[in-house]
Each structure stands twice: as structure tokens, then as C-alpha cells.
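Given chain A, work out where chains B and C should sit, using these hints.
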Amino acid sequence: MSPKGSRGDRPMVPPADFRSYYGRPVVRPAVWTHDVAAYLFTGGLAAGSALLAAGGDATGRPALRRAGRTTALGALLASTYFLVADLGRPERFHHMLRVAKPTSPMSMGTWILSAFGAAAGVSAVAEAAPLLPAPVGRLITPLGTAGQYAAAATAPALATYTAVLLSGTATPSWHAAYPDLPFVFAGSALASGAGVGLLGAPVSQAGPARRMAVLGAALELYGAHRVETSKGILSEPYTQGRPGRLLRAGRALTALGVAGALLGRRSRVVSGLSGLSLLAASLATRFGIFEGGMASARDPKYTVVPQRERLARRAAAD
Amino acid sequence: MAEAHPVGFQYVVEAKNRGAKVIHIDPRFTRTSALAHTYVPMRAGADIAFLGGVINYILSNEKDFREYVVAYTNASMIVSEDFRDTEDLDGLFSGYDPELNVYDQSSWQYAGQQDEGQEEGEAHTDRETASGLEQESHGPPVPADVPRDPTLRHPRCVFQILKRHYARYTPEMVERVCGVPRDKFDEVCEAWTANSGRERTTALVYSVGWTQHSVGVQYIRTGAIIQLLLGNMGRPGGGVMALRGHASIQGSTDIPTLFNLLPGYLPMPHHRQHETFRQWIDAIRNPEQQGFWANAEAYAVSLLKAYWGDAATADNDWGYGWLPRLTGDHGTYQQVLDMIDGKIKGYFLLGQNPAVGSAHGKAQRLGMANLDWLVVRDLFMIESATFWKDGPEIATGEIVPEQCRTEVFFMPAASHAEKEGTFTQTQRMLQWREKALDPPGDCRSELWFFHQLGRLVRERLAGSTLPRDQGLLNLTWADEEPTGEDVLKEINGFDVATGELLPTFTALKADGSTACGCWIYSGVYAGGVNQAARRKPGREQDWVAREWGWVWPADRRTLYNRASADPEGRPWSERKKYVWWDPEAGEWTGYDVPDFEKNKPPSYRPPDGATGVAAISGDDPFIMQGDGKGWLYAPSGLIEGPLPTHYEPAESTVRNPLYGQQANPARKVYDRPDNPTNPMANDVYPYVFTTSRLTEHHTAGGMSRQLAYLSELQPEMFVEVSPQLAAERGLENLGWAHIVTSRAAIEARVLVTDRLTPLRVDGRTVHQIWMPYHWGSAGLVTGDSANDLIGITLDPNVLIQESKVGTCDIRPGRRPVGPALLELVDGYRKRSEDHGK
Amino acid sequence: MGSNSLYGPLDPAPDAGYPDAPPRMGFFTDTSVCIGCKACEVACKEWNGVPDDGFDLLGSSYDNTGGLSANSWRHVAFIEQPAVDALAAAGTTGPQFLGMPGKDLPGRTLDAPRTDFRWLMMSNVCKHCTHAGCLDVCPTGALFRTEFGTVVVQEDICNGCGYCVPACPYGVIDRREDDGRAWKCTLCYDRIGDGLTPACAQACPTQSIQYGELDELRGRARERVERLRGQGVTEARLYGHDPEDGVGGDGAFFLLLDEPEVYGLPPDPVVSTRDLPAMWKRAGLAGLAMAAAVAVSFLGGRS
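Chains as they are written, first to last, in this note's numbering: chain A, 1 to 318; chain B, 1 to 837; chain C, 1 to 303.
It should be emphasised that the hints constitute simulated quantities derived from the structure, not laboratory data.
No more than 20 Å apart at the CA atoms, straight line, and that leaves these computed lysine to any residue pairs for SDA-like:
| id | chain 1 | residue 1 | chain 2 | residue 2 |
| --- | --- | --- | --- | --- |
| 1 | B | Lys163 | B | Asp186 |
| 2 | B | Lys576 | B | Ala20 |
| 3 | A | Lys101 | C | Pro14 |
| 4 | B | Lys16 | C | Arg237 |
| 5 | B | Lys21 | C | Leu228 |
| 6 | B | Lys598 | B | Gly586 |
| 7 | B | Lys489 | B | Gly528 |
| 8 | B | Lys16 | C | Arg220 |
| 9 | B | Lys184 | B | Ala36 |
| 10 | B | Lys184 | B | His24 |
| 11 | A | Lys101 | C | Asp156 |
| 12 | C | Lys281 | A | Arg226 |
| 13 | B | Lys576 | B | Arg556 |
| 14 | A | Lys101 | C | Asp15 |
Pairwise CB distance ranges, derived in the manner of DEER restraints:
| id | chain 1 | residue 1 | chain 2 | residue 2 | range |
| --- | --- | --- | --- | --- | --- |
| 15 | A | His34 | B | Val817 | 40 to 48 Å |
| 16 | A | Ala312 | C | Arg222 | 18 to 26 Å |
| 17 | A | Ala312 | B | Asp683 | 54 to 62 Å |
| 18 | C | Asp179 | B | Asp683 | 54 to 62 Å |
| 19 | C | Arg222 | B | Pro503 | 50 to 58 Å |
| 20 | C | Arg222 | B | Thr38 | 26 to 34 Å |
| 21 | C | Val233 | B | Asp674 | 52 to 60 Å |
| 22 | B | Gly245 | C | Val233 | 28 to 36 Å |
| 23 | C | Gly284 | A | Gly241 | 29 to 37 Å |
| 24 | B | Leu475 | C | Asp179 | 51 to 59 Å |
| 25 | C | Glu213 | B | Leu453 | 51 to 59 Å |
| 26 | C | Ala278 | A | Ala100 | 15 to 23 Å |
| 27 | C | Glu213 | B | Tyr604 | 55 to 63 Å |
Glycine is no exception: its CB is placed at the ideal position from the N, C-alpha and C atoms.
Just chain A, with the same shape it has in the complex (with noise of 0.2 Å):
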């Protein structure tokens, strides 16, 4: 984005405390669409249902494996079209499979969500088995259960580099959120998945669902909480205008969605209706932080406040 084109869009003056070039950003807001937000839920979403499919796998829950296991296969297909709208060469995709690069987020998540994809991909097509000439089927079924449990076992990276691929740039606001953004999706992406559960299982079976439900609103709860607090200034743009917005009604709709899923163990109705509201929830939690981070790009104060104040500091302690 040309910095010319951030006119119509500067931020209210602010007060007289702090020098900038006309206003401008310092750093530059990332170029991302809302793709990226998006993807933020259906990487979640994707990392949740198959932990989901997985447990009842496990556990010997159906319907929780067929709900997780599709919902992961169909959020990852979601998840991959995000990424790749979202490039500016997308013809060039592949170009992310030329190296893996550790310091580079966006590489390892990459890989990360390559080895989900496969693993994710063969489990889900391990449940249409029963659809296919019975050879293939059976030699598909315990290879879909392999990938199910390799899918299981990237799915926390899948859920929480993201939370890294924010914290990693200089947008004032994710930066500063690093220590605490990856329960923050971890709690989302456990939450999307048990909305799953509770959406795609009868309630004789969505037991683990709902307390997922509660585990993973708990971990998101807290770490939007430290977000939205613990960062002096910089938790302010997640607490104003439409990121504010968005969190807020995440958290209501994370409210619902948990209440519902503790009261409504005996209505499928009920529960259905409280894992529509987890995932709401998790998309607002999303694209609130995501537009959080944007807007203190945009407004300079977010830069050079909080690096006045530690030049203060290093300078006092001198």
C-alpha cells in the first residue's frame, strides 16, 4: 500500500505527547486482507477438529471422529485458499515450498501445516471407507487413523504458530502480545473445535466436547485478558473501535457458547446452537486481534510511545 493511500484512514490527533511525521505510520501495516484473519480461524478450527477427531477416536466417539476428522479436512482445503488468495503471486504458492527457514514463521508454518495437511487429508478420507470397493477401503481405514493421530500431533503447532506469525512482525500490538497471543489461539482453535463436536455429535457423545468447550474458552479468556491488559498502551487498539468490538462479542459469544454447552448436555438443540456460538466466537476473537494488531500499525503513537518509554528506562537505569 502506497503511504498515500493511508490518508482517508488516519487516526484521530492525538494528544500532544508524542512527535510524528504528519501523522504517518513508522511501521507499515501488514498488506493482508482479511484472508488472513480468516485463515487465523480455519487453521484453528482445523488444528481443533482433528485433536477432536482424534480423542473420540480414542475414546470410541464416532461421531466426534467423523465431525472432526471432515471439519479438519474441510478447514484445511478453507485454510489453503485463504493463504493462497491471499499471496500476491498466488500462482507462485509453491515458492513457500523452496525452503524451510526456522526464523521465518510463515516457513515453519509452512511445513507445519504440509505435514497437517497430509496427515489431515488421508484421515478424512479414511472416513468416506465404508464408500469405497472394500480392498481399498481396508487398507484405507488404518491408514486414515495414522494420519488422524499425526494430524493430532502437529495440530497444537498448527493452532499456536500463528500466534508466532503475528508476534514476529514489528505491528506494535502483536509484538507485544507474544508471550500470551498463543494461548489466546490455542484456547480459540480447542473452543472452534469443541463447537464442532457439540454441532456434529449426538449429546451422548459430545461429553469431551463440552469440556473442551470450558478448558479451551478458560485458556482464550486468559490470554485475551492479559492481552487487552497487560500491555500498557499497546493493549489499547484491542480494546477500541471495531477490535474492541470484535473481542468483546468474542467473549460474550465464548460466554454463550460455554454456558450452553454446560446447560444444554441433555438438548441437542442447545448444544448445537452453543457450538454455532464457540466458532462465532473464535472468528470474532480472530479478526479482533488480527484488526487490533492493524490499528496500532497505523496510528504512529503505538510505535514511538512505548520505545520513548523504554529509551527512558535504558536511560535511567544508565
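What follows is chains B and C alone, placed relative to chain A:
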């Protein structure tokens, strides 16, 4: 300078880094001011008041370089007792004729020389023909024997006259007239004088905006007086330098694109004053005069031999009869008015964009819309080629494209990188330029174009016996297109019989045995070598770097450098040693080519009755001047007086605080309904405006508004106002405003900036507005043209327009379009007339 | 990777695998002699074939470029700082924000009281950091460290993922809208390899932009600052010269006459990948928490 000459400004930065103090005086804070130690804001159009104050400071504090002044200037000359100064006549000199608005200059002469002065009629003709330009390289005729008082105490000596004339230019008066605070003014005076004298020299560098005033020549004269008083002429690090707006403006006066000059500052003959060849020559060399102009006949004959070759013979006065003649004012502005009046049928425009770049844009466009044909040679389709379909007059109905009678021929031109040739810069240095690449498409060089044009015209005239055609038919015109070097060789001059290239201008003969295209350039091809192409790096030679390029005349890097030695021929100081007399060798020597006869000793005194070069004393450095002296006082040659005097611009918001005479009494005025002037001190036009260039664009924008990389840097016409004026008129940063004069109203985006400061002038606040003048109706970025605001009032000596200062109103919002625009301008004009009553 | 590969002083080219790397090359931009002519912007575009950036009047003094972008690899900033008495005369002495939306006046501030009007100009450029965030995070290898220690994008590799854009602590690198790839200053990699000076430095008339060996430039810069301070320009300071700073020192550093943020520069930039180990640790912890939560969910209940 940083703004319009960033490349040259590197040397100012270098000097600053070495400890030089940089002071910048300008109506607005520019990129130059940003790097200056001191910025001095000043009212536009009050420069003589400021510089006159400096002269007063020098004289009343005796800061002048007295030995230099006595020996090398005309300070000691006694002036006629008939002379009356502006002190006596409230802003006029003696001899003023209010009918013709010119002076009878007899009373300005040195004592005993009154007969030499020009009478009103002559002065009037001189103004019509911008004869002041002839003085670019030689003073006007002045006889040799003048009474002198070397003690400088005689009440009528130039020094005392100067002192009296500038006595009223006190620091208080400078503050009152220019709005310059006393302390800033003192700082300038102290810095300038402290850096001048025996051990130090100061260069005065101006840009050509200085010339664009109704007293422009006198601005520069004032600077020259200071430089002479401080001993800064003819010495290293001194001088008065003009920074030109284009690469070779010096070159285009040396080999002129001017109506009144021939190459080498030979005057274009006037049909009445120079009926015969002899009259013409005598007018140039003035038989009794001293100096190098005494050889003018050799220069002139060689020029005519270059034009007409074998057809130029002693019998036909070397073809003098074929030269065109002046009949009056043929200056560019008179021509435009003549076009409007239907007196001119055809027009060539070469690399010039008057529809945007010349004063009174509307007159320019209406004039060009009333021709039979117009040829435009330029790099791009500029406004002067497209005005008939997209000029501002289309909307107002003043030009109707379907009815516009002018047939426009656009000829795409090659750029400077696409053709070879020389540039002559402000130091008079010619530098050769290779062709870097072929011009694209149909673009062609000037050389190609004129060679072809001449060839085709001569073809059509072949066999004609009409006298008017003989000049063209007898021209030496090669069948093959000459190269740039061929042209330079002809300019250098050659022996007609042998074709041998001449070493220097002293080899030119008046007998027709030599031909030379421009006598002052003779030597540029000395020894058959293109001297302008010399490029020995500075680090491989001494600091004068004489092996880089070639400087006219005779490769002298500093003109009048005899003045760098004292009257006895010794350097004024070791530090400023440059050219000196070597008594043992019996010759002048030094770092530069001495601008003096090599073997004439300092002790030489001319015998009685000597004329020409022989009449120059061994201690007269200014060898092209009639009396060999630097002129503090100009007894003749300047239309509006022998001494620079502060007159208000033709349009001013204040009455002249110094004299009853408001503006230059001899300024050239074209009093016509289509060229109105804003009345002085008129509340309808309460603000001063000035215009100049931005680094990002070039003049009328023909070469910059067509390029995306430049256009994006300054994409829109804007106007700069101070926060105070913005508050007074309700203007907002980035909002629109329109600016109104009695000629036009234009619109611009507003930049509110502290770089403009309101000034206190004569007890009241003066707001100044600044605009760039780069925009027009064609190109990647378009906008209204600031030059549309300006009327046609000219300096009387050189017919340059007053385009750097005027009065206007500014209001928020865009200007009206269509006929309503004309009504707005008319309404202002009527109100200003009512207000005047 | 060496011990300082993510943070701290480092000679980047050898660290990147050039055993016989030539000396590190860079820019020293001395803003005290910048005249704002923008020749650097134009020369850069001419040499590198960078497209124009649109014809917008910004009303920010003479800056109509706005900032560094995919289409402007050099950017000249213009800052007008009025004298305090000028502000008082204009009746605008109330607290004011220096950088302002379009309709306000350019550059009015009171936080640094001045007796003289100042017009600061500064040609900004990619810093070619010792620890370059853009280079670290690039997932395709399109961004690479050259043998001169500079950071360059390979246009045939870049797939426009855009990650480098927010990773730059200076907001330099940018994705070109109609092209989709990331672009920035290459320090004229295709010139310096042939011993030529980068286009901007070549065009700079006042030697505000100086190109050379970084070590030598740093020495020159220290002398310059000392001299300026000696001349009473006490506000002169270097920016980006220090190998101990948050990016390990810049390959392109500056002499400034005011605080960095006044020019649109971050006052204390830190390469974000410095914290990568910590970040991965936190992510691992969160991942473990996630796994544990799943385990508890499935194993800990009855229904």
C-alpha cells in the same frame, strides 16, 4: 539557489562546510534558506533600497577598498555641473522629459563632456531597441580626458555624488522600505564588508529573477557598485555572477536569440541611425574611444564574411545592405501585441512556451490565436501548440477552436542529449557536449531543422532578382548538413584564403581576409582543437583549472583580471594573488590569461591623442570600458539614470517611502485596454505576490510536467500564504483559493506555511503571496498558470518584463468558469478604479 | 548460524555464508546538508525502473511522496518548524500535534521551542539492517543477504506473501499493488557489483547521501557530528550507526537534527525476530496446554 540551481548549490554547501557564512535574503523561506546561517525576509521589489543601504553603510563607515576605488573606478571623475540628483528632484534626475518619459542625458556626463550625452530622441530609440543589451560587453561611448580628483573630495566627483545619493538609505529606511529588521541588515553589511578587501573577496551571485523588474538592470548595477567599492571585481573569488534559468542562456546572448543584437554584442543596425556601413561601425567603436571596441570593424567585417563568404566584398560593404534593420521595438512583448492587432502573420517558437512561461498569458495566447501560421519546435506538445483547443480562453469563449485562424505546425525537437554542441555557462565557459543517443522518431536537432529550412527556402527563391531575397540567396549555405564542430569552427573564425583556423580575436582583419561567426568566441578552435571539449580533471591541474573547457574572451577565466594586481602590478595580497606584472620578463603573468596587453607595463601612460587599445593606461583594468574604469556612476548608457534609485514596482501596495516619484519614470509601458495595471496602494489588490521556480519543475513545465517522475513530486498548482494571511482571508491548508489581478483570476491549492512572514513596511503590514509558475493546460499534471496574473511592464534598458512582483487579491474557493470569470476580473478592475478616485 | 545471528553486533555477510565477503557497503545520509531537491528519488526511479506513485498533493510541506513504499525507494521528508514567536504571532500557541491530518498546517509544534524557523529535510531509505526483520521472516528465500551485507529482494522468487511488510521495524518494504510482489531499495546491487555508486548517491548534489564502506562511513559520520556540535549545532546526532542497537546497526544510517520520530523514524527500533526463541517457547507452552486440555477433556469425564 538550492531551489532552482541545486547542482550549483553544492559549492555553497562545500563552502559552508569549510566555514563560510551563508546568508539568504528572499521574500520567502526557501530550500536555500534552510541551509543558510541567517535568513533575511524581505519585501519583493525593494532590492535597491536594501543594496543602497549597504552602499550607505560602506561609505559612511569607510569600509570601501580605497586604493582600488581610487585607481580602478570612476570615483574620482568630476561630473558636469548641470547634473541634478534624485536628492534635488524628489526621485528624478536632471533632464527628464515627462512627455516621452525619458531623459536628456547631457547633464549626466563628466564635466566638459556634456555634448556626448544622449538626447531624449536617442534615449527613446535606445529604449525601443533595448540598447542596454549592447553594454553587456562594453561600456557606452565615453571620451578619455576627464577631470579627476584623486582625493575624492571634490563635491561633484562621483564618490561624493554617490555618498549624497545613498545618504538617505539608512538602516532605519531599509527597515521601513524592505521590512528587514535592523539587526539582520547590520549582519549582512558586516559579513559582506568583513569578507572583502585586500585579503578576501566576495562573489555576488544572483538568479535571473533579479532581472525581471521594471528596474531590473539597476538592481544588478547596485550590486556591481558594491562589488567595485569593496574591490571584488576582476579578482579571484569576486565578481557578479548570474545564474541562468537554462543551460546556455549566456550562450544565447553571446550568439543571440535577441532581436537587437548580432553575435558578439554587435548591435543590429537601426534603419535610421545606421544607414551606412560606416555609420554602423563608427557607432560601435566611437573613433576617439579607448579600448578594444576600437577594432569593431574587424569583428563586424569578419562576421559578414562568415555570413556571405565571397559575396561579401569591400565594394558592397561586405553585404551590409543585406542585414535586416531595426525600425523600433521588436521585443517579444511588442510582437505579441502586434499579433493581437493583426500586424504579424507568422511566428516560430523554438523551445519556448510563452502560453505558460511569458508574462500576461492571455495576451500571449490571444496573440498566437491571431496568426496565419505558427511553428512550434519542442520536445512535447506544449501549451503554445495546443492553446487553441485547451487554453483557458476556450471556456470564456475568447477563443473558439473551430474559428481560430492560426495553423499550427508542430515539429518534434531533439533534446540536448540527442545532439552535439556547446553550452556556455555563467562564467562565459563553453563546454562541449557529445551526442548520447539518436533522437526518437521524427525529432531533429536545430541544426538539421535550420539547414533544411534554409535549403528549401533558398530553393524556392532561386533565380529571384528581388533585392529583398539577395541576403538569403548569397548566404554561404552548405549542401550537406554541417556538424556541430563545423559550426564551431566557423564561429572560431578562419583565414578566408587558406581556411586556417584563427588563434584568437586579435587575428581578425577588417579587410575581408578573415571570417568569424562570433568574434568573442574566436580561439575556441585554436590550433584546430576543440578547446571547449577539454576535460582535464581539476585534481590534475592547478586551482584555476584552465584545461577544462574554454572561456571567452581568449580563454580568460576571470574578466578584467588586471584588477587582481595593484596599480603597480603587484598582487594585492599573497592570498589573493592571481595575475601580476613580472618586471624581469616584462610581461603580465599569473594563473590566468591576463586580461590585458601582455607587454604593457603598469607604468604605461597613453600619449596625447591616442585612441583604441593604445589609449588604455597601464593601470586601467576595465579595458572594454571607454575610460578603462569600473563605473560606480554611469554617465550614459542607462535609460533611467546614472545611479540606481529605489522605485516601487509598477504595482505596489505602498507609496514610495523614499521619493515622491513612485515607480521607474522611464519604464516601458504598453498602455492598452488589454494590458491594465493594478493601481498603486489600492485596497482592491491588497497583497504582494511573487513567483519563482520549484526544484521539481522546469520553467513553463514543458520538460517536467510531461514526466511522471517529476510530476508526482509536485503534482498540482499551489499558492503559499502565511498563517496570518490565511486567517485574514479564511484560507485552509490544501483547500482551494483564487488569486485575482486586473488581468486574470487563477486558482490554486493552498499551502499555509510559516515560510512566508508578514512584514512591517512603512508602518503597515504587508502580506506576500508566493506561487510557482510551472503549470498550464497540457501535460500529465495541469493547472492554472501564475503568469496569467502578470501584466506587461518592462525594464527600459533591456525590455525584460516585471514578473517577479505584482499586487493581487486572494480569496478562498475556486475561481468561476466561463464568462463569469471575465466578469469577476472586470468587477475587480472597476472597483479598483473607483477606489482610486 | 552464529551466536549473534538474531541479535547483537555482527558482520552480516560472513554470517550469511560469504567466507570472503568484500567490505560491508552502506549509506551515510547527512541531513544537515540535504536541500530537499529529490534528485535521489528521481535517480532511483530512473535506474531501477520504479513506477510513479500517483499525482497527489499532500499538503505536507514539499513532501508529495508521503513515505517509502514499493514505488518510492527514496523519500525526502520535509519538516517545517516555526520559531516560537511566529507561533505566538499566529495565535496558535496552544498545544498542538505536530503530525496532522491534511487540513492543518505543516509542521507546527511547541515541544521544541525555537528562536529560528527551521526547515528540515531528510532523504529516507531502506536501512539494510544487520538483523533484517524482512529477510529473517521471508518464507521463500526471495529476500537475501548480498556479499556487500545489503538486503535484496529477488523479484523472480517473491510470491507476495507480504510477511516482510509488517516485519520491518522502519516500515520500509512494501508490496506493489498491481504487481503483487515486495519491493524496496537494493542499494543498487546491480551497480555496486560493478564498482559504481548507487544512483541516489550519484545524483545527490550536496553529498548528503554518501556511499561507501560502512566502517569508513561511520568514522566520517562521527567526525561530522563532532564538527557540527563544535559549530553550535548541538542537536546533531547519529541514528542507526550503533552496532549495539536493536537491529545490530543499520547499513544505511543518518545524521539527524531532531528526534527520529520527527522524521517518521522509530526512536528505538528492535528487530522483532530477536524474540523468536521466546515466542516459540510460549507457543510450545500453549501447544502443550492445548494437548493437555484435550487429554483432560477426553479422559477426565464420564459422559
